[in-house]
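Could you put together the complete structure from these sequences and hints?
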Amino acid sequence: MSFFLRRAVFYVFTAWAAITLNFVIPRLLPGDPVTALIGRMQGRIDSGAEQSLRVLFGLDQDMSLWQQYVEYWRLLLHGDLGLSFTHFPTPVSDIVAQALPWTVGLVGISTVVAFLLGTAVGTGIGWRRGTWADSLLPITTFFSAVPYFWLGLIAIAVFAVNLGWFPSSGSYDRGMVPTLSWEFVGSVVYYGTLPALTVVISSVSGWVLGMRNMMVTVSSEDYVTVAHAKGLSSRAVVVGYAARNAILPQVSSFTLALGFVVGGTLVMEMVFSYQGIGYTLFEAVTTHDYPLMQGCFLVITLSVLVANLVADFAYAALDPRTRQEG
Amino acid sequence: MTGPVLEIRDLRVDYGFGDDPTHVLRGVDLTLHRGEVLGLAGESGCGKSTLAYAATRLLPPPGLITGGEVWLTDREGNRNDILGLTDAQLRAARWRDVAIVFQGAMSSLNPVFRIGRQLTDGIRAHRPGLSARDLEARAAELLEMVGISADRLRAYPHQLSGGMRQRVMIAMALALEPQVLLMDEPTTALDVVMQRQILEQIMELRDRLGFSVVLITHDVSLLVEVADRIAIMYAGEIVEEATAADVYRRPRHPYAHGLLGSFPPLHGPRRELAGIPGSPPDLQRLAAGCPFAPRCPHAMDVCQQVRPVLGPPRTGEARRVACHLHGADLPGDVAFPAELAR
Chain B
1 MSFFLRRAVF
11 YVFTAWAAIT
21 LNFVIPRLLP
31 GDPVTALIGR
41 MQGRIDSGAE
51 QSLRVLFGLD
61 QDMSLWQQYV
71 EYWRLLLHGD
81 LGLSFTHFPT
91 PVSDIVAQAL
101 PWTVGLVGIS
111 TVVAFLLGTA
121 VGTGIGWRRG
131 TWADSLLPIT
141 TFFSAVPYFW
151 LGLIAIAVFA
161 VNLGWFPSSG
171 SYDRGMVPTL
181 SWEFVGSVVY
191 YGTLPALTVV
201 ISSVSGWVLG
211 MRNMMVTVSS
221 EDYVTVAHAK
231 GLSSRAVVVG
241 YAARNAILPQ
251 VSSFTLALGF
261 VVGGTLVMEM
271 VFSYQGIGYT
281 LFEAVTTHDY
291 PLMQGCFLVI
301 TLSVLVANLV
311 ADFAYAALDP
321 RTRQEG
Chain R
1 MTGPVLEIRD
11 LRVDYGFGDD
21 PTHVLRGVDL
31 TLHRGEVLGL
41 AGESGCGKST
51 LAYAATRLLP
61 PPGLITGGEV
71 WLTDREGNRN
81 DILGLTDAQL
91 RAARWRDVAI
101 VFQGAMSSLN
111 PVFRIGRQLT
121 DGIRAHRPGL
131 SARDLEARAA
141 ELLEMVGISA
151 DRLRAYPHQL
161 SGGMRQRVMI
171 AMALALEPQV
181 LLMDEPTTAL
191 DVVMQRQILE
201 QIMELRDRLG
211 FSVVLITHDV
221 SLLVEVADRI
231 AIMYAGEIVE
241 EATAADVYRR
251 PRHPYAHGLL
261 GSFPPLHGPR
271 RELAGIPGSP
281 PDLQRLAAGC
291 PFAPRCPHAM
301 DVCQQVRPVL
311 GPPRTGEARR
321 VACHLHGADL
331 PGDVAFPAEL
341 AR
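Chains B and R are the protein sequences, given in the same order. With the numbering used here as the guide, the letters of the first sequence map in order to residues 1 to 326. With the numbering used here as the guide, the letters of the second sequence map in order to residues 1 to 342.
Errors might be hidden in some of the hints.
[Unchecked claim] Pair by pair, the computed Cβ-Cβ distance ranges are:
#, chain 1, residue 1, chain 2, residue 2, range
1, B, Ile139, R, Glu225, 20 to 30 angstroms
2, R, Ser262, B, Ile139, 52 to 62 angstroms
3, B, Ala120, R, Thr86, 19 to 29 angstroms
4, R, Glu144, B, Ile19, 49 to 59 angstroms
Calculated from the structure, these hints are not laboratory results. Note that CB positions come from ideal geometry on N, CA and C, so glycine has one too.
Rendered as structure tokens:
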């Protein structure tokens, strides 16, 4: 039990460090949000409003850095991440909360699908090494070498522009009102198919290669031979002995990949103009929307942390050797 | 202690496919009798382990069985060629009739399953009707049999010492009370004290349960103590086969003599240790004659040209040796080496 406790303490500490960095870094930047906002609005804001903006952003109070830090935590714990400049005056938390489900839904599901598919195929190819199955490997190597954005652009050019099978951008039919109806869900699935497919195709090969190589390594382990010698069915040998051990490194890379779902989808969401967290971050960066950037970074950091936490616990559940006692 | 239980006939194994494979086993004949401990000794790379793997069809690629038969007589007295069984028959026969303990005590257990599960999954595969409670009781009984307390059933392999792991392997091998136990250097990774404990335990279990043992090792002194019969392998064939006492006191093959001369005797006068000159042959470039001829102190002209056949020596003793010195047509002008005629 102390293993889980120690890991938990470690993650709480890391989360604290990440959140504190998120507090410190913007304060090291030159200028202040009000000047930035007035500059962005290019005269559409009355200079008389400057004072009220200062009050709004809390810049009128002369707080020490420590007081600011305490205030930052208080607001954070209430879910208040400040107001976005670009979508003024929408709270950052609203924008993030709106974007996050799209990213988690699309990229999360495609990552899981790619992992399951790749691991299953890799198990098969690895188990039947030295047969025709090995000829599939160059194909997977090709797809793992293709840059993602290029694959996305080709997919749009072929399936959206030339064939017209799928829409080239967006996440659902703009003519619809988001509700929980079959029609709307169907539209979401329809719009999500092409981006999801490209994510799966570009990432599945990594899982295939990883699993295949581990299967080949593990298959020559003595305990696999022992399992054969015991007269277990080949299914039991593959699943319980070979794949069960070969999957361990896969699991740790999978949970890391889950952490990158939120942060690493920037390119995909840009290529497909998909309204997820990556696209939001991209917008925030191009428009110097610091509060929004800060909010995005916070979400990305926390999701990587959560994924790592899940990885640790999953690994401990799968591999008894990592559960050191005492 | 009657009748053969495992008969290996002219077993041939190649490594590598294509036009130029390496012949690793070159027609091995070996018989294991019921209740007997047969020792198999030889240098590294002479094919001892390959023999064990091939006889159970566990040979990993690129190993390929190119010929021969492995006849197994089961409890009902039916003789079956293991090499001719279908996959399902083979699976059923494995562990029930022939169990194996491998070299690596450290790596023979699946690191992610508890000992208890690994002890029972083999039993369950062969006797699907048993309840979970029966399986666990049997696993506990097996562990106690090799001197490990039953509460270790819930331990993972990494929580056990090397000696305990090897004993778990032995318990596992005996789970279905097999007739033949193949042991491929079962004690290499262990210290001498543990080695002795484990071997004594195996011998005691054999007396109790009555299985036959093939003990593969390069440690001839160990075999002399525990084996009933010893077969000496060289370059993928058996060069001498006799009772343990005969091999130890009266080796007939020059190689067996050299092998015995390379470790110190425990009793009797001290003598100079003598190694075998030269190095093990390259199996890809074996000459036509006796494979040991280049290293043999007594090599004759005929040794360079004709491969000797394993058979009874000229003296008519009940043993087999593959050497021209003991052949019927030994030229009269050759001085027979005294140390091979004791």
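Consistency of the hints with the structure:
{"no.": "1", "hint": "Ile139(B) - Glu225(R): 20 to 30 angstroms", "result": "58 angstroms, violated"}
{"no.": "2", "hint": "Ser262(R) - Ile139(B): 52 to 62 angstroms", "result": "55 angstroms, holds"}
{"no.": "3", "hint": "Ala120(B) - Thr86(R): 19 to 29 angstroms", "result": "28 angstroms, holds"}
{"no.": "4", "hint": "Glu144(R) - Ile19(B): 49 to 59 angstroms", "result": "56 angstroms, holds"}
In summary, the structure is inconsistent with hint 1 from the numbered list given earlier, while agreeing with all the others.
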